[in-house]
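Residue strings, one per chain:
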Amino acid sequence: MTATAFAAVSETTALPAPSAPSLTVLDDPVEQARFTRWVSGAAGERLGESTLQLSGMYCAACSGTIESLLAAVDGVSAVRVSAAAQRATVRWDPARTQPSELIAAIRRGGYDAVPDAAAPARELRRAEHRTALWRFFVASFCAMQVMMLATPSYVSGPGELADDMRQLLNWGSWVLTLPVVWFAAGPFFAGAWRSLRHGRIGMDVPVALGVLVTFVASTGATFDPGGPFGHEVYFDSLTMFVSFLLGGRYLELRARHRAAQSLEGALAGMPETARRLDENGRWTEVSVQRLRPGDRVRVPLGQAFPADGVLVLGRTQADEALLSGESTPVDKPAGAELVGGSINVGAPVEMRVERAGTDTRFEAIVSMMRDAMTQRPAMARLADRWAAPFLWAVLLLAAAAAAAWSLIDPSRALAVAVSVLIVTCPCALSLAAPATLVAAAGGLARRGVLVQRLDAIEMLARTRRLFVDKTGTLTEDRLQLSRMVALLDGEMGAVDADRLGKVAATLAAWSSHPLSRALAAAAETGRSATGWTAIEEIAGLGLSATDAEGIDWRLGSAAWVGLPPQPAGQAAAWLSRNGVAVARFEFEEALREGAAEAVAALRALGVRVTLLSGDTPERAAALAARLGLDDAVGGATPEAKLAAMAAAQAEGGPVAMVGDGVNDAPVLARADVSLAMGQGALVARAQADAVIISNRPLDIVRARATAAKAVRIVHQNLLWAAIYNAACIPLALAGFLPPWAAGLGMACSSLLVIGNAMRAGR
Amino acid sequence: MEILWLLIPMSTVLVLLIIGVFGWALHRGQFEDVEFEGERILLDDLPLVDRDQVEVRKPPEQ
Chain Y
1 MTATAFAAVS ETTALPAPSA PSLTVLDDPV EQARFTRWVS GAAGERLGES
51 TLQLSGMYCA ACSGTIESLL AAVDGVSAVR VSAAAQRATV RWDPARTQPS
101 ELIAAIRRGG YDAVPDAAAP ARELRRAEHR TALWRFFVAS FCAMQVMMLA
151 TPSYVSGPGE LADDMRQLLN WGSWVLTLPV VWFAAGPFFA GAWRSLRHGR
201 IGMDVPVALG VLVTFVASTG ATFDPGGPFG HEVYFDSLTM FVSFLLGGRY
251 LELRARHRAA QSLEGALAGM PETARRLDEN GRWTEVSVQR LRPGDRVRVP
301 LGQAFPADGV LVLGRTQADE ALLSGESTPV DKPAGAELVG GSINVGAPVE
351 MRVERAGTDT RFEAIVSMMR DAMTQRPAMA RLADRWAAPF LWAVLLLAAA
401 AAAAWSLIDP SRALAVAVSV LIVTCPCALS LAAPATLVAA AGGLARRGVL
451 VQRLDAIEML ARTRRLFVDK TGTLTEDRLQ LSRMVALLDG EMGAVDADRL
501 GKVAATLAAW SSHPLSRALA AAAETGRSAT GWTAIEEIAG LGLSATDAEG
551 IDWRLGSAAW VGLPPQPAGQ AAAWLSRNGV AVARFEFEEA LREGAAEAVA
601 ALRALGVRVT LLSGDTPERA AALAARLGLD DAVGGATPEA KLAAMAAAQA
651 EGGPVAMVGD GVNDAPVLAR ADVSLAMGQG ALVARAQADA VIISNRPLDI
701 VRARATAAKA VRIVHQNLLW AAIYNAACIP LALAGFLPPW AAGLGMACSS
751 LLVIGNAMRA GR
Chain W
1001 MEILWLLIPM STVLVLLIIG VFGWALHRGQ FEDVEFEGER ILLDDLPLVD
1051 RDQVEVRKPP EQ
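So the sequences go chain by chain: Y and W. Heads up: the first sequence begins at 1 in my numbering, then just goes up one per residue. Heads up: the second sequence begins at 1001 in my numbering, then just goes up one per residue.
Same shape as in the complex, but just chain Y:
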C-alpha cells in the first residue's frame, strides 16, 4: 500500500468497508426503480411494491418467520414470501417506511436480503410460460378427445357405422378441433405470416399450410360429405400434430428459461455505491447512478472506479483486465485517466468524475455490442433450410396429382391433391430439430455448459474457426512464478538460491501487488517467518525492508534494485541485498487447467484456433506458442477484435468465439456462436449463446462433441421423415389414403423422432 497516498486520503475520515454499502442508498428513488413498482392502494394512496431476494432460509417454515418480521414494520401493508423461490414481495407506504427499513428488519431476524432487480424479466418469463402451457394443454386435451371420437370409424367394419352417426362423430370432432386451430396453433400461423412478409420460407410455412389445408378439407367433408373434398376427415391427425409440435416448443421454452434463470442471480445484489464529496464538504454514500461529471469521489482499495475520470489525489495501480484484457495492473499517477469499471488495486485514491452513466467507456462498449448483435450474419436453421425445397416439392406433387386426376376422374382431383398435402404434413420434419436440440441442451446443462440459444448447437457443430480470448479464458487472471534466476556475482555466492526464494516470499507477503502475491503464493510461508522491520512500499517500484540481522532487502522493478531498465514483454521482479541485485524472478500467466489439452483436442477435430488478445503482441505470441495455437493477434482493441471477426466471417463458415471480459462482449455478439466463461463479466455472459459455468476449457471440446452428435441425430430424424413421406405420398397419389394410415404414420414417425432425439442428451 502506498504510504503517502494513504496518509493523504485518510486524514479526514476512515474509509468505508468496500463490501458493505450502507442501506440508505436503497432509499434513493433512482435505485428504488430497479426493484420496485408503484401501485395504488385501496384508498388511492401510492404504495411501493418491492421484490427482495432472500438468503439464509433453510426450511419452508422460515418464510413464515420472515413474513411476520416484515409485517411488523410500520407502513407495510402486504407481504408474500415464497419459500421455493426464496423471494419476498412487500407492499409498503413510502410515507411511513423505506426499503432500507425492510432489509434492516429482515437482517435483525437473522436472515439477509438484497433487492431483486430481475423481477420484470421473471414476470415476462412467467407470462410466456403460462401462455405456452395453456396452448399446449388446449391442443393435447382436445387431441385426446378427438381421438376418442375418431375411434369408431377406425374399428368398425364396412357398413357397421351408420352415416348419420358418422356425421355426428365428425361434428363433435370438428367442434373440438376449432380451439386447436384458432387458438393453440396461433404461433405457427403468426410465424408463417412473419416469414412470408420478409420473403423467406421457414419451417412454420409448411406447418401452417398443412394445418390449414387439413382443417379446411376436413371441415368440407364434415358438412358436405358428397362435396369436392370427399368424405374422409383428418381431425385426429391434425390435433395430434399440433399438440406434438406445441409439446416440443414448450420443452424448448423451458430449456431457455432455465438458462436465463441461472444467470439472473448475478443481476440482483446491492447497488453499486460511491463515496462522493457533497456541497457541504462531507463524504456521503450515493448510488453510482447519481454521479455527475465534476463530482469528487473517493475510491477505496479493491473497489471498481465508479465512472470515467481523472485521478486527483494519490497514486495507485488499476486492473483494467475487464476492459482491455491486459492482465498486469497499469500504474496511475496523479492526473492519469481512469476507466470506469476497472479495479483499484494499488491504494485508496480520490478521483474527479469526467463521464458518468451512459457516457462511460464501459457503456460505449456495451452499445457497440448491441450494434454488433444486429450485424450478426443470419444463418439459416437446419430445419429452415429444408423448409423451402420441401414446400415446393409438396406443392408441385399436389399440383401434378390434381392435373393427372383431372384427366382420370375430375370429381376426385381436388380430394387427391388435398390428401397429398395432408400426408406430407411436416410433423416429423418440424419436430426433428427442436426435440434433439432440447435434449442436447439438457445434457450439456448437466455438465456445466448452459445453452441460452438452441440454434447455437447446430452452428457450433459446423464451426471450423474458433477465436479465443487469453486472460480469463485460456489463462487465469493471475500470474505464477515460472523460475528464479540467482544473480550470483561477487560475495553473494554464499547465499543459496533456496534461502533467497524464502526471503523474497516472506517480503512479498507484505504487498498486494499481483507479482508479490504470485511470489508469496509460490512459497506458501507466513509473513511472520522473518522479523521484517521498516517495511515500505513505493507504488510502481517495489518494497524495501530490513530483516532481523539488519540487512536491507529490496524487492521490485529493475530500477528499484539499481539495475538498468530491462526489456519489456516478460513480467519479472528483482531482489537486492544491501543494494546488490541477487536474484531475478520470472513470471508467466497461470494456464487454466486443461487449456493445452482443449486446444489440442479442438485442433484434432479440424478447428483452427486463433488467439485474440488485448495484451501485448509478444505475450500473445508467447502464449500461442506455449499452447500450440494456430495463430495469435495481440494488442487488439474491441474494435480490432470486431474487425478480425468480420474478416474471418467473410471467408465463409460459422466462426465461434470464447471470451469472458467486457472487451470481448462486442465480438461475442458478432460471432456466429459465442461462448462465455462463467466467471466472466455480466454483459458477456448475458449475451453469449452458451455459458461455460465450470470455467474448464475442456468443456468447450465437450460442448462441440455433443453438438456434433445432436446434429447427426437431427440428420437421422430428417432422413426418417423423408422415408415416411416417400412411403405415404404414392398412396395419396393413387387416391388411396385412409385416415387411419395418415394418423398411424404421423404418430409413429413423431414418436420415433422424439425417441431418437432423447439420445442427444446422454
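Please note that a few of the clues may not be correct.
[Said to hold, decoys possible] Listed next, the stretches of chain Y that the computed footprint assigns to chain W, with coverage defined by at least 3 CB atoms under 8 Å from CB atoms of chain W: (1) 137-148; (2) 175-182.
[What the hints assert, rightly or not] So, partial list: chain W residues that the calculated Cβ filter (under 7 Å) puts toward chain Y: (3) L1017; (4) I1019; (5) W1024; (6) Q1030.
By construction, these hints were calculated from the structure, which means they are not laboratory data. Note that the coordinates shown come from a computational prediction; the quantities given were computed from them, not determined experimentally. Where a beta carbon is used, it is the ideal one built from N, C-alpha and C, also for glycine.
Based on the hints, put chain W in the right spot on chain Y.
This is chain W only, laid out in the frame that chain Y set:
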C-alpha cells in the same frame, strides 16, 4: 343407440368446460409454485389460501 345423440354433444361441451376450468387454474398461477403447497403444512402462521378463509380462522367463540 339414440342416446348417443345426447351423449356426444354433452361430452363435447363437458370437454370445453374442463378446458375452461384448467385455464382458470393456470391463470390463477396454481402451477407455478407447486412445491409450496406441500410445504404449507409446515408453516406456523398459515398464509391464507384465499380471501374467504379469513372467517374460518377466527377462534371459536364460547
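We went through each hint and held it up to the structure:
Given a C-beta distance limit of less than 8 Å, the hint that chain W covers the region 137-148 of chain Y holds, as 5 residues qualify and 3 suffice. Coverage of the region 175-182 of chain Y by chain W holds [criterion: at least 3 residues with CB-CB distance below 8 Å; count 3]. Interface hint at W/L1017: violated, since its Cβ lies 12 Å from the closest Cβ of chain Y, which is beyond the 7 Å cut-off. At its closest, the beta carbon of W/I1019 sits 6 Å from a beta carbon of chain Y; the interface hint therefore holds under the 7 Å criterion.
Taken as an interface hint, W/W1024 does not check out: its beta carbon lies about 11 Å from the nearest beta carbon of chain Y, beyond 7 Å. Hint status for W/Q1030: violated, given a least beta-carbon distance of 11 Å to chain Y, over 7 Å.
In terms of the numbered hints stated before, the structure departs from hints 3, 5, 6, listed from lowest to highest.
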